[in-house]
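Engineer: Sequence:
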Amino acid sequence: MNWEDMPVAVLIGMPGAGKTRVGKLAAQILNLPFTDADQEVEQRASRTISEIVREDGEQYFRKIESDVVCRILHCFKGGIFALGGGSPMTPDIYDALMQYRHQGGIIIHIDADPEEASARAVHGLKRPLLENNAKQRWMELYEERQPVYQSLATASIPSHGTTPKMMAQRLADVLKERVVHVSGVEPYDVHIGPGATSRLRILLGNETHRVALIHTRTVQRHADHVRSLLRQAGYVVSDITIPDAEAGKTVQVANGVWSRLAEDGFTRSDAIVGVGGGAATDLAGFVAATWMRGIKYVNCPTSLLAMVDASVGGKTGINTIQGKNLVGSFYTPVGVLADIRTLCTLPRDIFIEGLGEVAKCGFIMDQRILQILEEQVDCLCHFDGSVHNDRINDIVTELIERSTIVKSRYVSVDLKESGPREFLNYGHTLGHAIEQIEHFSWRHGQAVSVGMVFAAELSNLMGYSDQGLVKYHRELLQSLGLQTSWSGGSWEQVLEVMHRDKKTRGSQLRFIIIDRIGHPLHLNNPPTDAVHAAFERIRSE
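First residue of the sequence shown: 1, per the UniProt record's numbering; consecutive thereafter.
Hints listed in this document are in silico derivations from the structure and should not be mistaken for laboratory results. For every residue, glycine included, the Cβ atom is placed at its ideal position computed from N, Cα and C. Just so you know, not all the hints are guaranteed correct.
[Stated by the list, open to error] Derived DSS-like pairs (lysine-lysine); straight-line CA-CA distance at most 25 Å:
#1 K24 - K176
#2 K165 - K176
#3 K165 - K63
[Said to hold, decoys possible] Each pair of labels, with its calculated beta carbon distance range:
#4 P347 - T267: 32 to 40 Å
#5 L521 - T162: 51 to 59 Å
#6 D95 - G265: 37 to 45 Å
#7 E207 - R348: 39 to 47 Å
#8 S485 - T162: 46 to 54 Å
#9 K63 - P347: 39 to 47 Å
#10 D394 - P347: 49 to 57 Å
#11 P33 - D244: 44 to 52 Å
#12 K471 - R348: 25 to 33 Å
#13 D244 - G518: 52 to 60 Å
Kindly produce the complete structure, drawing on both the sequences and the hints.
Structural biologist: Below, the structure is given as structure tokens:
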């Protein structure tokens with residue numbers, strides 16, 4: 001990341017929250033300049049803040065502070081900038097901060113624990129505005145300022161039960177985030193990075209009272225972390241565990257969740273947070289879309305597959321006996337928080353299957369993705385999510401970002417899959433058939449990998465591409481540890497399932513193929529003989 005081009009990251013929060021200490025430590029971690037507003041004011045006035053307030057009054061101090069802060073916000077080119085606790089209460093500073101936020105600036109609320117921070121402010125630091133009835137005055141200011149901090153912040157870092165070092169690392173993680181904007185009728189952002197979940201409170205807002213945390217047992221560790229953040233933010237949390245993988249995407253499971261929401265008194269102002277792989281986020285989104293005709297929800301994907309595919313784009317749904325995702329809706333989240341630290345707990349085979357969807361994004365749009373996969377194949381095949389390996393983490397983060405950008409470009413112009421968005425289904429027509437015929441014992445990314453080879457073979461048979469494209473598919477996907485052939489099921493079974501694919505119109509099959517890298521096409525009603533021949537080619541190699 002080129003820090004020279006990074007806008008200033010502003011820290012706000014109560015006196016005693018630790019803004020200066022945490023900001024300095026985070027700046028050291030990231031090798032960034034650090035600026036403290038109080039120090040800048042004292043340098044300009046050639047007096048301490050206590051002296052300014054005592055000799056000229058608080059109003060004079062606020063005027064100097066406003067001039068200093070607004071000047072720095074206007075011209076500062078990069079680094080971490082800590083403001084005094086009362087700065088955002090000054091109208092000119094508040095307006096400057098809001099403008100800065102609207103321009104994409106980062107404002108971090110160091111969310112103080114009242115007992116801890118007030119004790120530090122009263123006993124350990126010189127605070128001229130806390131001289132009389134200090135503890136009571138701090139609490140009064142806290143009640144007054146907290147809503148203002150929350151209205152400005154783009155992320156929140158709670159201080160309760162942690163150390164300055166830990167908070168500094170969290171701050172550094174937030175500043176390493178990459179953000180992909182998904183535009184359209186209901187725009188939202190996808191936050192990618194090790195500190196992404198710190199944005200939960202910002203996304204859920206102050207109006208939300210209850211939050212249903214929907215997750216699988218296999219991601220209990222991550223669900224515990226999210227639950228802790230939600231409770232620290234003051235939400236009442238209903239913890240709902242669902243079966244893992246596709247077993248969690250049934251009408252029976254959805255009905256159980258609806259019953260729980262009714263029992264716990266969920267209203268239209270409450271929210272859903274889905275934590276887990278693609279199946280869990282699909283189910284959570286479907287419940288959010290259908291409860292009281294739609295309540296807000298946030299996706300927190302924990303697998304590579306979910307980060308690049310299921311949690312982005314607004315597709316929600318459940319499976320039926322007849323097929324995958326046949327019941328569902330298009331319903332956008334208020335945000336997606338892809339915390340890459342969750343990848344460190346993934347079994348190797350589940351991480352590898354996610355590369356199938358990553359490769360798909362490369363084949364249909366972004367050739368650089370394929371180049372990265374080729375260049376980094378050894379690193380990716382041995383990825384363990386180590387927090388100490390910045391290089392491989394940066395590679396994985398870039399792949400997630402690029403894949404999300406590909407998906408966002410299609411979704412932004414075609415939310416309900418009436419045209420271009422269907423290109424995201426490259427490899428999925430056969431892939432979904434394999435999953436269903438194998439009773440979902442095959443991982444989605446592995447099935448899609450075979451489906452992409454099938455689509456490449458069909459493109460070749462129909463004269464759209466040469467055999468070199470098929471060979472490239474096979475070699476790249478195999479090098480990543482992905483499947484390129486399948487020997488289960490009969491042609492009759494596959495044909496029957498493909499006829500129930502969502503892209504099918506009437507009795508006519510429709511496929512997504514590519515004639516070259518980055519150029520997908522619709523293939524409508526190809527000859528059955530060609531489809532059968534492509535199927536036979538993925539039966540043996």
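Engineer: Take the hints in turn and mark each one as holding or not.
Structural biologist: Results of checking the hints against the structure:
This hinted pair checks out: K24 and K176 have alpha carbons roughly 16 Å apart, not beyond 25 Å. Proximity of K165 to K176 is assessed by CA-CA distance (about 17 Å); at most 25 Å being required, the pair is judged to hold. Pair hint K165 plus K63 does not hold up; C-alpha atoms about 33 Å apart against a cutoff of 25 Å. For P347 and T267, the Cβ-Cβ distance of about 39 Å falls inside the hinted range of 32 to 40 Å, so the restraint holds.
Distance hint for L521 and T162: a CB-CB separation of about 53 Å, consistent with the stated range 51 to 59 Å. A hinted range of 37 to 45 Å holds for the C-beta pair D95 and G265, which are about 39 Å apart. The given range of 39 to 47 Å is respected by E207 and R348, whose C-beta atoms sit roughly 42 Å from each other. One distance hint, 46 to 54 Å for the beta-carbon pair S485 and T162, holds here, with the actual separation near 50 Å.
Between K63 and P347 the beta carbon distance is about 60 Å. The supplied range of 39 to 47 Å is therefore violated. The hint said 49 to 57 Å for the Cβ distance between D394 and P347, and at roughly 22 Å that hint is violated. Hint check: P33 to D244, Cβ distance near 46 Å, so the stated range 44 to 52 Å holds. Range check, K471 to R348: about 26 Å between beta-carbon atoms, so the 25 to 33 Å window is met.
The hint said 52 to 60 Å for the Cβ distance between D244 and G518, and at roughly 35 Å that hint is violated.
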